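Protein sequence lines correspond, in order, to chains A and B.
Oh and the first sequence: position 133 is 133 in this note's numbering, straight run, nothing missing.
Every number in this note's numbering is 328 more than the matching position in the second sequence, counting from 1.
Please note that a few of the clues may not be correct.
As the list claims (entries may be wrong) - Here are the simulated distance ranges between beta carbons:
1) B:N546 x A:L322: 25 to 31 Å
2) A:S74 x B:A551: 35 to 41 Å
3) A:V72 x B:A466: 51 to 57 Å
4) A:E29 x B:F474: 35 to 41 Å
Stated by the list, open to error - Selected chain B positions facing chain A (Cβ under 8 Å, derived; list incomplete):
5) K460
6) S503
7) A525
8) D540
9) P542
Hints listed in this document are in silico derivations from the structure and should not be mistaken for laboratory results.
A quick note: this is a predicted structure, and the numbers were derived from the prediction, not measured.
All residues carry an ideal CB built from backbone N, CA and C; glycine is no exception.
Okay, here's what each chain looks like letter by letter:
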Amino acid sequence: MKTNITKLMAFFATAPSILLSQVDPTTIERSNQPPSAITSAEGVNANVDTSDAGAQRPIFLKTENISVFGGVDSKIYYDDNPLSTQKNSILSSQRDAVWSNTAHLGAGLGQIEMQDAVITPYIGVSYTKTEFLASTLDWLDYTSTNAYIMANIQHSNGWSYRLGVSYASDSNDLTDTETYSEFYPNVGVLKTYSHNEDILGIFNMSIGYHDTDADKHALDPTLSRSYLDSFDVIGSYGIQYYFKDFLISPSYSATYKTYTKSNTIHEKNGREDLIHSLNLKIDYSLDNDLNLSLFGGFSKRDTKDTGAIPYDFTKGTAGLGLSLSTTF
Amino acid sequence: MFAQGENEHDLECTFSLGTNWLFPAVGNKDTNLVRFDQNSTFRNGDSLHTKEQSLCELANKDLKIRLGSNSIVGIKQKKISLTKGTVLIYKNFEGNLNIKSKQSNLSTAGQYTAIVDCTSNGGFKFIPLEGKGLIIPAKGESKEIFRGRLTMILGSPSQLGSAYDIDLLLLLKSSRLINAFPTSLPSMKRISLAIYAQQLRIKGKYNALIGDAPTDDNLQMWAFGEKEGN
């Protein structure tokens with residue numbers, strides 16, 4: 001109880017600026033797709049010479065239609081702006097170490113094979129606890145839950161199309177109350193390009209609508225709880241480069257968001273965000289299911305027509321992750 | 329009626345590597361044994377013999393046939409006789425195509441890409457890479473073509489022997505009939521899709537490779553370690 005009071009005091013000491021942001025739920029990377037690893041369940045191939053017919057290695061296939069996959073991820077990282085606030089605000093100095101632990105479970109619900117496409121429906125859930133370790137922000141520790149249903153359509157032209165809807169919810173651990181939730185119907189496309197034998201390029205694009213329910217805005221209580229409702233368009237290009245036992249994955253993504261319910265005295269013309277993100281991840285497989293990774297990234301948000309409320313930010317992160325994933 | 333020149337079953341040589349010999353059929357225009365090079369015409373009823381380290385590709389609007397080395401193949405209308413060696417068949421029409429080896433024969437229907445590999449027992453392996461259709465033996469029930477499922481074709485009258493799902497990705501990487509030609513197969517995108525679909529369903533791989541079938545009751549398996557997966 002004493003701890004809780006201390007945390008609450010810390011909260012009021014930094015308010016009202018801190019209320020402006022808390023952990024910006026619109027900048028959290030939310031998983032609403034199955035992990036790509038389940039589509040590449042490739043074991044170690046035999047070293048075989050070429051022949052006219054090719055090597056004929058027997059395999060055994062799943063007999064059941066439903067394939068279940070799951071795993072746990074643990075990440076610890078330094079974040080120079082965990083609350084995604086503008087640099088000249090009080091919170092910009094709140095650098096912190098963040099520890100994030102996720103458990104996820106999903107299932108592929110069979111395959112529908114057509115001549116030029118394979119359709120695979122998926123469902124999945126995840127549970128994440130995020131803790132701020134070093135600063136006084138630990139009263140903002142939160143728990144996220146996520147659920148999704150989606151269909152992935154792999155076409156023979158190389159494009160992969162997907163459509164789905166996800167539900168996400170964040171709860172503050174201190175007050176045990178939900179601070180944010182959203183439904184996110186979305187559609188997307190993905191295509192991979194083989195630049196050479198070792199380098200794979202991945203283009204990804206999606207569009208979706210965030211139907212949100214957020215805590216009242218600290219500086220403008222007149223805003224409705226759905227003031228974060230928004231359309232977004234996300235485009236990204238990433239490289240996967242295999243170097244010895246390492247998988248090196250740099251990527252760039254750009255997100256455009258336009259908010260549909262933010263026309264208030266502060267935001268006369270509506271809010272529009274453009275977020276650029278550069279990321280680098282280096283994976284090392286400890287075995288087939290266990291993966292160690294180093295990652296880092298830089299993000300920048302430019303917001304147009306926000307009136308008095310500043311939403312621009314820059315942030316950098318760097319950390320270490322360990323993930324265990326398996327199929328059942 | 330198409331005995332000379334304009335036969336719809338004639339095939340053009342679209343690629344030739346090494347030493348390939350054409351054995352013209354009796355009644356065709358030229359009857360001498362001739363070297364068979366790119367842009368040559370393979371007339372209905374002719375036979376082709378590829379030598380060691382040689383490859384050859386024949387094509388018309390309905391078929392694309394790639395011959396491996398040391399192979400002997402004759403093609404007459406919708407019948408392919410593979411006396412020796414290995415061929416890849418890209419079948420782009422719905423009707424029946426008959427595949428015959430020294431001892432066995434198989435009727436196939438539907439559109440597909442498959443590798444046919446002769447075995448020492450006189451039969452052959454039928455390995456579909458993609459497509460839909462039926463394999464119809466002389467004796468016994470027909471089966472649907474299923475990507476990556478190697479089926480032994482045995483005996484005379486022929487019947488379907490054991491079937492094995494094989495790793496398509498490894499086959500793709502290691503097959504000269506797929507990789508050693510300057511142009512990719514017209515069905516390459518569908519083959520890639522078949523590999524994707526198979527990868528989604530792979531539970532494990534045996535550390536063994538399927539070899540020759542010296543007799544109908546004996547199939548060589550070359551083990552190289554322990555089984556992966558569950």
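Do the beta carbons of A:V72 and B:A466 sit within 51 to 57 Å of each other? Check passed, 56 Å falls within 51 to 57 Å.
Supplied contact hint for B:A525, tested at 8 Å Cβ to chain A: holds (5 Å)
Proposed interface contact between B:K460 and chain A, which counts if any beta carbon pair is under 8 Å: holds (7 Å)
Look at the Cβ atoms of B:N546 and A:L322 and judge whether their distance stays inside 25 to 31 Å. violated (49 Å)
Taking the least C-beta to C-beta distance, is B:D540 closer than 8 Å to chain A? Not OK, violated: B:D540 not within 8 Å of chain A, min 11 Å.
With respect to the beta-carbon atoms only, verify the hint that A:S74 and B:A551 lie 35 to 41 Å apart. holds (39 Å)
Holds or violated: the 35 to 41 Å window for the beta-carbon distance between A:E29 and B:F474? holds (40 Å)
Hint check, B:P542 versus chain A [nearest Cβ-Cβ separation less than 8 Å]: violated (16 Å)
Does B:S503 pass the interface check with chain A, least Cβ-Cβ distance below 8 Å? Constraint on B:S503 satisfied, holds at 3 Å.
When each numbered hint is compared with the structure, violations occur for hints 1, 8, 9.
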